[in-house]
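Student: Going down the list, the sequences are from chains A and B. Per the working numbering, the very first residue in the first sequence carries number 1; after that it's consecutive. Per the working numbering, the very first residue in the second sequence carries number 1; after that it's consecutive.
Heads up, some of the hints might be wrong.
What the hints assert, rightly or not - SDA-like, lysine to any residue: derived pairs with alpha carbons at most 25 Å apart:
1. A/LYS181 to B/LEU440
2. A/LYS227 to A/LYS181
3. A/LYS189 to B/THR383
4. A/LYS222 to B/GLU51
5. B/LYS113 to B/LEU440
6. A/LYS175 to A/HIS154
By construction, these hints were calculated from the structure, which means they are not laboratory data. Predicted model, so just to flag it, every value in this text is computed and none were measured.
Here is what each chain is made of, one letter per residue.
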Amino acid sequence: MQPPQPSRLSNARPSVHQARERLDAWVREIVPWHFSPETGCPFWLEFARKLDWDPCREIQGFDDLRRFGLFEDEWLRGGPVRRWVPRAYRERPIFVFETGGSTGVPKTRINVEDFRIDYETFSATLPDEFFPRGSNWLMLGPSGPRRLRLAVEHLAQFRGGICFCVDLDPRWVIKLIRWGKMDVLEDYKDHVIDQALTVLRSQPDVRCLFTTPKLLEALGNKISLKKAGITGVFCGGTEMTPQFHRFAREELLEGAYFAPTYGNTLMGLACHKPFDPADGYAITYFSPQPRAVLEIVEPDHPDRIVGYGETGRVKLTTLTKEFFVPGFLERDEAERAPPIDLYPWDGVRNVRPFSGFATSVVEGVY
Amino acid sequence: MLHHVPILREGKPYRSLQSVTLCHHRTRQPIAEVSQAHPGLIGRDLRTSFERRRRFEGMPTRDLLRVCRDAARHFLEDSLPLGDAFQSPEDYVRHLSATTGMPEALCRQNMGKIVRVLTEMDRVLAGLTRGLDLSALDGGQGMGGRGDASFQARADCFGAVLPSNSPGVHSLWLPVIPLKVPLAVKPGREEPWTPHRILQAFIRAGCPAEFLGFYPSDHAGAGEILRRCGRSMLFGDTSATRPYQDDPRIEIHGPGYSKILLDEDAAGKWEQHLDLMVTSILENGGRSCINASAVWTPRHGREIAEALAERLGSVPALPAEHPDARLAAFANPQTAERISTLIDQALGTPGAQDVTAGTRAGGRVVRLDGCAYLLPTLIRCETPDHPLANREFLFPYASVVSCPQAEMVERIGPTLVATAIIRDESFARALMASRDIDRLNLGPIPTCQVSWDQPHEGNLFEHLYRRRAFQLVDESASASALADSSILGNPSHGDFRSETRKPDIP
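Input sequences plus hints: build the corresponding full structure.
Tutor: Spelled out as C-alpha cells, the structure:
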C-alpha cells in the first residue's frame, strides 16, 4: 500500500474548503497505513490492540483524530526506537533524530525520507532571485542529533548547491545558561561565529544562509551580510518576536530575503506568511498541511480551538507515512490566524514559549 | 494618558515593538509603555563605542562641566522630551511616585540630590581624582600634582545597570559624562524615569546625543551591557550580582548592610544619638543601601531598641501625595507580605524580638487605599548570631544588636557605611584597618549623609581611567633628555622622541 505524497498532489491552489477536504481524504489514507499490520509500526499496532474501537473504520476525517486523545511526549522518550519504524520501511535505512533536549531524555523520531520531502516542499517557497539555484549555502546552527543539518544540506543540494556546515551544540548552551557561565557562553558563541566568518571569507560563492535568530544577530553584528554576499536568509530554531523580525529586516539583512520558519523534529517545517508591513512584523506560520496540522487550543481544554486572534497552546498533528502523531501539545503558545490564499488553512501567529509552565524553558543562543 | 518611554540609541528615541507596561502602584492603571531593548540591538549599538569615545575625548572637560551645570537646571526646571510628548518636573515626580510607590516628597528630595551633584560636578571630580588638573583628560596628559601625568580610559563605553529602589543612586554615574566615556544605561524596571530625564537634560545642555544610550531591558539585556562595556556598575541583590562578583570590569553595588557602631562610652550616652539613629534608619523611606540596617552596641541594647521602636513606630503609612509621607508603598503588595513573612519566620529563632510590634495597633503590613506598606520595624537581637542581626530590606528596618566592643570589628561583616560613634582610639584604628567597611564615618554623622566628592563602593575615576607611565622630552633640555634615554639603550625610544611635541603645560 503506497499512499500518494500530498506534496505531489494537484498544483492548483485549493480553497479553504478544498484544503479541508484534502486533509480529511489524507487522514482516511494515512490512518489505515499506520494501523495495518502490513505497513504500521509496532507502537501503533500495539496501541490499537488496546482500543475497543477500530481506527481504520472509525477515523473518517481530521476531527475524528480526537478519539486518540492527546499524544504523550513520554512515548517518544527512550527505546526501543524500532517500535516506531513502520513495517513497510523495515528494510530501509533509518535515521533517528532527537528534539532539542532542553528537558531530560530527548524525544526521538525515526526518519526515512520525511526530512527530504519536507525541505523539498519548503524549497518551492524560496524565491530563486534571493536563493539562487546552484549557489552554495552556510548552515550555521545545531547539527548533532538533530535533523536540521541533514535537512538544510539536502535543501542546498536539492537546489543545486553545496552546503558548508558550522555546528552549535544547544545542549551545552543550555547548561552554560543554567550554570550562569555567561562568559563561557560568549566564548562559545564567538567560536561558532568565527568559524562562520572563516567560511564566508574563504568561500565567495555562498549566497544562502540558514541560522538561528541569536546567531543571525551575532553574525550581523560582526560583518555586513551584504558584503559577505548573502542574499537569502532562512531562519528558525527558536522564538522570533516581532521586534527581532523588525530589527533583522531594518538593520541586519541589508536587503537579503528573510524566510522565518517554525519547525521541529516532530512536525517538519511551517512556512511564513509573506511579509506584509500591515502585520506589524508579527510572523504567521502555516504548517505543511496535510502532512502536519497546527491548531491553537485552550490550554486547559485541548479539544477546544480558540477563536481567530485569540491566544492558546500550539497543538500539532503529524500525518506522514513515516510518522503518525495525533494531538501533541507543543511547549509553545501563539495566536490563531485565519487562512490566506497561499495557505488556505489556519496559521499560528507570534509563536513563543508557553507561559503556562511553572518554570520557563531555557532557550539559549541557538 | 499612557506615556511612552523610548529606548535611546545614540540619544535618538526608538520605539520597540516589545514593551513593558508600568502601572500606578495604587490604582493599577497603566502609566507608561516602556520600550524594551533586546540584546542584539544593544550589542549592535555598542559596536561603535570606540569611535564614539574617540570623538568624546576631543571635547574639553571644562565644556562638559558647563554641560553638567546646565543639565542640572534643565533637569530641575524644564519640560523635557518623553517619547512623543514632554515631561514637566511635576510630571516627573508624579510618574516616579506612581510606578515606584515612593512618596512625592521623597521624590523631590532625591531630585535635589541629582541636581546638587550635577551642579557641583567640579567638586565631585576633584574629590574622585584627588585634585587632578582635569585638562589631563583632554590632551592625554596633564599635571597630576607631581609632574606629568597621563591617563588612559579603560573602557570605550560605561554600562550602568540600575535599580528601581531610589532615584538618588543615579548621582553615582553622572560623573561618567564629564569623564568623557559614552554611556549605556539599563534602568530598573519600575524606574526608567530618572535616568531617561537625566539623559534628556544632558542632551538639552549640549552633550552630544551620540554618547548616550538608554536600554530598558531584561536580565539578558543587562548581561549584554555588562559583557560589551569595558567598565560597568551593577546594582542588584546577591543573586543578581554573584555571577559578576570576580569580574574586575564590573563595580558591584549590592546590599549595603550599613551600621551604626557605639563604643562603651557612646552606649552610655545613647539618648544623645537617638535622632541620628532614627534619621539613618528612616530617611528616604529606608530604601537606600546607605540607610542603617543595624545599631551595634556593647550595652543598653534593650533601652536603645525600645526608644527607637517608639520613635519609628509612630511613623504612619500615608498616601504618596501627602506632604508628610515618609514610607513608600509597595508596587506589588505580595512583595510586602513576603518580606513580613520572612521576618516573622526568622523571629522563630530564639534571641530576637520585634520591639515595634508593641507600638502599633495592627500588623507590620498595612493596607491603605489598596496599597501595601511595611511599617518601620525594629528588632532587638541579643547576639550578632541571630539571623535578623544582619539583614536589609526595602523599608525602614533595623536591628539593635548587643555585641562586646572588643568583638565588634571582627563580627560586623561587609558594611557599606559604618558610622562609628566612639572615643576609644584603638577601636578607631581597628575600624580604619577593617576591610569590611567601605565608607567610614567617625563621629555622629548619619549613615545616609553622603559627601559626593568621596568614592562610593569604588572610585569611579579609577574604575574608568588608569594612569600610565609617560615620559615627554622637553626640547629646551633635549641634551640631558637624550642622555637619559640613551641609558635605556632601546632604539624604539629614539623613534618615540621624534614624535614628541612640546607640552602645553606651563
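Student: Hints first: check each against the structure and report whether it holds.
Tutor: The hints, checked one at a time:
1. A/LYS181 to B/LEU440: 35 Å, violated
2. A/LYS227 to A/LYS181: Between A/LYS227 and A/LYS181 the Cα gap is close to 33 Å, so the pair fails against 25 Å, i.e. violated.
3. A/LYS189 to B/THR383: 50 Å, violated
4. A/LYS222 to B/GLU51: It holds: about 16 Å lies between the C-alpha atoms, which stays within 25 Å.
5. B/LYS113 to B/LEU440: 21 Å, holds
6. A/LYS175 to A/HIS154: 30 Å, violated
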